[in-house]
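Using the sequences and the hints given, assemble the complete structure.
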Amino acid sequence: MDRALLNTHAKLVARDIHRLTQSPTEANSFILGGHACISRVETVGTIVSRDMTPKFLKFGVDDGTGCVTCLLWLNQLTSSYFSRFDPSTVLLLASTARKQAAEIRIGAVARVRGRVGSYRGAMQISATVVVVERDPNAEILHWLECVRLGRSCFRIKSQIS
Amino acid sequence: MANSQIEAGAPINLQELYPSSPFYKEAVSLRVTGTLKGYSIETAIGVIEDGDKSLRIDTQHLRDVSFRVGSIYQFIGELHIDPNNEAILQPRTGRNVDGIDMNLYRKTIELLRKFLEVEDNRNMVE
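Protein chains in written order, with UniProt numbering: chain E, 1 to 161; chain H, 1 to 126.
One should not assume that every hint holds.
Beta-carbon label-pair distances, calculated as ranges [stated by the list, open to error]:
1) H:ILE81 / E:ASP86: 58 to 68 Å
2) H:GLY51 / E:PRO54: 41 to 51 Å
3) H:GLU16 / E:LEU149: 40 to 50 Å
4) E:ARG50 / H:GLU86: 24 to 34 Å
5) E:PRO24 / H:LEU111: 29 to 39 Å
6) H:ASP52 / E:GLN22: 22 to 32 Å
7) H:GLU86 / E:THR89: 56 to 66 Å
8) E:LEU141 / H:GLY51: 20 to 30 Å
9) E:ALA102 / H:SER66: 38 to 48 Å
10) H:GLY51 / E:ARG115: 39 to 49 Å
11) H:ILE88 / E:VAL129: 35 to 45 Å
12) E:ASP86 / H:THR43: 26 to 36 Å
EDC-like mimics (lysine to aspartate or glutamate), calculated; alpha carbons at most 20 Å apart, straight line [to be verified]:
13) H:LYS107 / E:GLU103
14) E:LYS58 / H:GLU7
15) H:LYS114 / E:ASP135
16) H:LYS107 / E:GLU145
17) H:LYS53 / H:ASP82
18) E:LYS58 / E:GLU42
19) E:LYS55 / E:GLU103
Facing chain H, a subset of chain E residues (Cβ under 7 Å, in silico) [claimed, not checked]:
20) ALA4
21) THR46
22) GLY64
23) GLY66
24) CYS67
25) LEU71
26) ILE106
27) GLY107
28) PRO136
29) ASN137
30) ILE140
31) TRP143
32) LEU144
33) VAL147
I should point out that these hints are in silico values taken from the structure, not numbers from a laboratory.
Just so you know, even glycine gets a beta-carbon here, dropped at the ideal spot from N, CA and C.
Laid out in structure tokens, this is it:
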């Protein structure tokens, strides 16, 4: 199993995120293309759903190959997980998450980076960074990068020109 | 898991929308892009065009999008075929994409489709 990509944000289309399989040897890691072990992904797509709860914002990203559910946690000030961090860091994390949540609206194109996981049988991204893209070509460039990386890095080279 | 029920809008060129096309079906989810050629405030119906093909867009559910004739828009939604066999898209999302490179867009969706097909075939072999 190739662990070189384990801590990299692998640029993937939604269809490939949904095809990840749980690693038999690494906790919280998934197998891509039969050999590469990954835990983080980056994807770009149009926001097609938005569901705000007190603890997190759940939103759906459609990149034309599938829809991925993403979670942006908003509980930094109340969760015990963050009590180990410096209070000023927690305040900064909370403020950043709130700002990102305000930018997430249906119809916008977002670049999402985060940890990939499985919840109730479906893959989802626990987002660490969400950036709303202004460039109308951002999705096109992401698709091209996914194709290039899919051929050259994530899998054995495909035989298409 | 509300999101898992949302179908992704398959990106297509308007040239691919003709009656015998696999995309020309009731309730199929599509992502279409084109220049807004006309828009009626009364009916909220717009017409987008790409080359010699056009498509009607029913924008009644898009409250946050302002429409300007001559600008390029991208919509994701479901196709509805009316009794006259004419298509109209009922979009869930819409956005202005002025500045998009349409030639690159057309070539890229073709490339992406081929890439996904090859990957599907590889997975079947494995």
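### Query
Which numbered conditions among the earlier hints are violated in the structure presented, ordered from lowest to highest?
Numbers 3, 6, 9, 12, 13, 15, 20, 25 - these are the hints that the structure violates, sorted from lowest upward.
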